[in-house]
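Top line first, the protein sequences correspond to chains A and B.
9 is the number of the first residue of the first sequence in our numbering; add one for each residue after it.
15 is the number of the first residue of the second sequence in our numbering; add one for each residue after it.
Errors might be hidden in some of the hints.
As the list claims (entries may be wrong) - Dumping the calculated BS3-like pairs for lysine-lysine here, alpha-carbon to alpha-carbon at most 25 Å:
1. A:K101 to A:K119
2. A:K106 to A:K48
3. A:K122 to A:K102
4. A:K176 to B:K64
5. B:K73 to A:K106
6. A:K119 to A:K176
7. A:K101 to A:K48
8. A:K48 to B:K73
9. A:K48 to A:K104
Claimed, not checked - If you only want the chain A side, here are some residues facing chain B, beta carbon under 7 Å, derived:
10. I58
11. F69
12. E73
13. G93
14. G96
15. I100
16. G134
17. G152
18. S162
19. Y170
Unchecked claim - Calculated from the model, a selection of chain B residues having no Cβ within reach of chain A, i.e. all distances over 12 Å:
20. M15
21. N167
22. Q200
Treat the hints as calculated values from the structure; they're not laboratory data.
Glycine included, every Cβ here is placed at the ideal spot set by N, Cα and C.
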Amino acid sequence: MQENISFQKIDTNTDFEVRSLDAMCTNDSSLQHPWWYNLKYGVAGILFGIILIKAEVISWFRIQEMFHLQSFQMYGVIGSAVITGTLGIFLIKKLKIKTIHGEPIVFIQKKFNKGQIYGGLIFGLGWAMTGACPGPLYALIGSGITVIVVVLLSAILGTWVYGAIREKLPH
Amino acid sequence: MIQLLQQPWPWYVSGPLIGMMVPVLLVLGNKAFGISSSLRHICAACLPTKLPFFVYNWKAERWNLFFVGGVVAGGWIAASFLTNGQPIAINPTLLNSLNHYQIQENNSMVPTAIFSWQSLFTLRGFMMMVVGGFLVGFGTRYAGGCTSGHAINGLSNLQLPSLIATICFMIGGFIMANLILPFILQL
Numbered sequence: 009m010q011e012n013i014s015f016q017k018i019d020t021n022t023d024f025e026v027r028s029l030d031a032m033c034t035n036d037s038s039l040q041h042p043w044w045y046n047l048k049y050g051v052a053g054i055l056f057g058i059i060l061i062k063a064e065v066i067s068w069f070r071i072q073e074m075f076h077l078q079s080f081q082m083y084g085v086i087g088s089a090v091i092t093g094t095l096g097i098f099l100i101k102k103l104k105i106k107t108i109h110g111e112p113i114v115f116i117q118k119k120f121n122k123g124q125i126y127g128g129l130i131f132g133l134g135w136a137m138t139g140a141c142p143g144p145l146y147a148l149i150g151s152g153i154t155v156i157v158v159v160l161l162s163a164i165l166g167t168w169v170y171g172a173i174r175e176k177l178p179h
Numbered sequence: 015m016i017q018l019l020q021q022p023w024p025w026y027v028s029g030p031l032i033g034m035m036v037p038v039l040l041v042l043g044n045k046a047f048g049i050s051s052s053l054r055h056i057c058a059a060c061l062p063t064k065l066p067f068f069v070y071n072w073k074a075e076r077w078n079l080f081f082v083g084g085v086v087a088g089g090w091i092a093a094s095f096l097t098n099g100q101p102i103a104i105n106p107t108l109l110n111s112l113n114h115y116q117i118q119e120n121n122s123m124v125p126t127a128i129f130s131w132q133s134l135f136t137l138r139g140f141m142m143m144v145v146g147g148f149l150v151g152f153g154t155r156y157a158g159g160c161t162s163g164h165a166i167n168g169l170s171n172l173q174l175p176s177l178i179a180t181i182c183f184m185i186g187g188f189i190m191a192n193l194i195l196p197f198i199l200q201l
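Starting from the given sequences, assemble the full structure and let the hints guide the process.
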């Protein structure tokens with residue numbers, strides 16, 4: 009009984025954390041859908057993968073150009089993506105747009121912690137080495153560069169090690 | 015039409031399309047655009063562990079795994095059917111400086127002198143792929159997001175923590191590319 013309670017406590021805590029730390033909104037759908045409802049996110053992912061390749065942002069060379077200020081491509085892509093995303097979120101809020109299932113879209117404010125500094129710097133170091141953030145890793149594997157699987161597995165290991173030692177890290 | 019799609023897409027086309035992912039995922043089902051959390055869900059789903067960080071109902075986040083699965087498929091589609099076969103136009107200054115390290119462009123998204131199965135077992139390849147990948151996975155989770163979750167989704171929602179994270183991504187990247195990478199590439 010005791011164990012059951014403590015397990016539930018952990019469970020709800022981390023579930024909230026997953027959504028508030030990893031995601032901007034914590035009002036994830038309370039509707040229960042069959043698994044194949046998730047296929048629409050697969051389709052969105054396919055489009056995103058195609059865009060990543062055609063934008064060339066998955067190129068190791070493009071990332072080096074960015075960090076040597078030798079090309080505008082990456083800055084243009086990220087900058088115009090942010091402007092478009094901002095406009096999209098503004099319209100959702102302004103017009104009170106709902107999801108296709110009729111649920112309201114609500115945003116939760118992100119809290120600052122020192123992890124955004126330390127973790128951000130660490131990710132930046134890795135980004136300039138691998139020339140890829142997580143999204144491009146998946147797209148590169150799909151494009152046929154199979155050795156990137158090693159990079160992805162190593163990134164999964166890095167995530168696991170973070171989870172193992174996070175209590176000892178400054179946040 | 016298909017020929018137009020096979021050209022590289024300029025930033026003012028591809029950037030807004032990437033930005034569109036943010037409202038599209040919200041409207042599809044209240045999902046926040048983000049990729050690196052998939053690494054955590056994979057840990058939670060595949061690695062048996064009692065670590066509290068990985069004990070949560072990952073099945074509720076299954077959409078994210080469908081999304082990254084789609085990214086793999088999209089990468090295959092674009093590389094197979096939407097390419098004009100031309101190498102990427104890279105700044106000649108960069109190519110010149112990379113020549114010092116025996117890195118040439120070889121019509122690939124990545125320099126095969128570093129990112130290949132053969133070089134995985136060299137010190138340089140190991141550093142770039144295994145150590146680099148580890149830093150990506152560790153850093154993104156420590157920061158609570160990556161380029162998509164913080165730089166694009168977070169900034170779009172005007173989140174100050176995401177701005178701080180994005181600035182730190184860039185600082186880390188500039189330090190690595192300009193100050194540390196020259197030594198690693200010499201290995």
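How the hints compare with the structure:
1. A:K101 to A:K119: Holds - the C-alpha atoms of K119 of chain A and K101 of chain A are around 20 Å apart, at most 25 Å.
2. A:K106 to A:K48: holds (17 Å)
3. A:K122 to A:K102: violated (32 Å)
4. A:K176 to B:K64: Between K176 of chain A and K64 of chain B the Cα gap is close to 17 Å, so the pair holds against 25 Å.
5. B:K73 to A:K106: Holds: K73 of chain B and K106 of chain A sit about 24 Å apart, inside 25 Å.
6. A:K119 to A:K176: holds (20 Å)
7. A:K101 to A:K48: holds (23 Å)
8. A:K48 to B:K73: holds (16 Å)
9. A:K48 to A:K104: It holds: about 22 Å lies between the C-alpha atoms, which stays within 25 Å.
10. I58: holds (4 Å)
11. F69: holds (5 Å)
12. E73: holds (5 Å)
13. G93: holds (3 Å)
14. G96: Holds. Min distance 3 Å.
15. I100: holds (6 Å)
16. G134: With Cβ-Cβ at 3 Å, under 7 Å, it holds.
17. G152: Because about 6 Å separates G152 of chain A from the closest Cβ in chain B, which is inside the 7 Å limit, the hint holds.
18. S162: holds (3 Å)
19. Y170: holds (4 Å)
20. M15: holds (14 Å)
21. N167: violated (6 Å)
22. Q200: At roughly 14 Å from the nearest Cβ of chain A, Q200 of chain B sits farther out than 12 Å, so the non-interface label holds.
Hints 3 and 21 from the earlier list are contradicted by this structure; the remaining hints agree with it.
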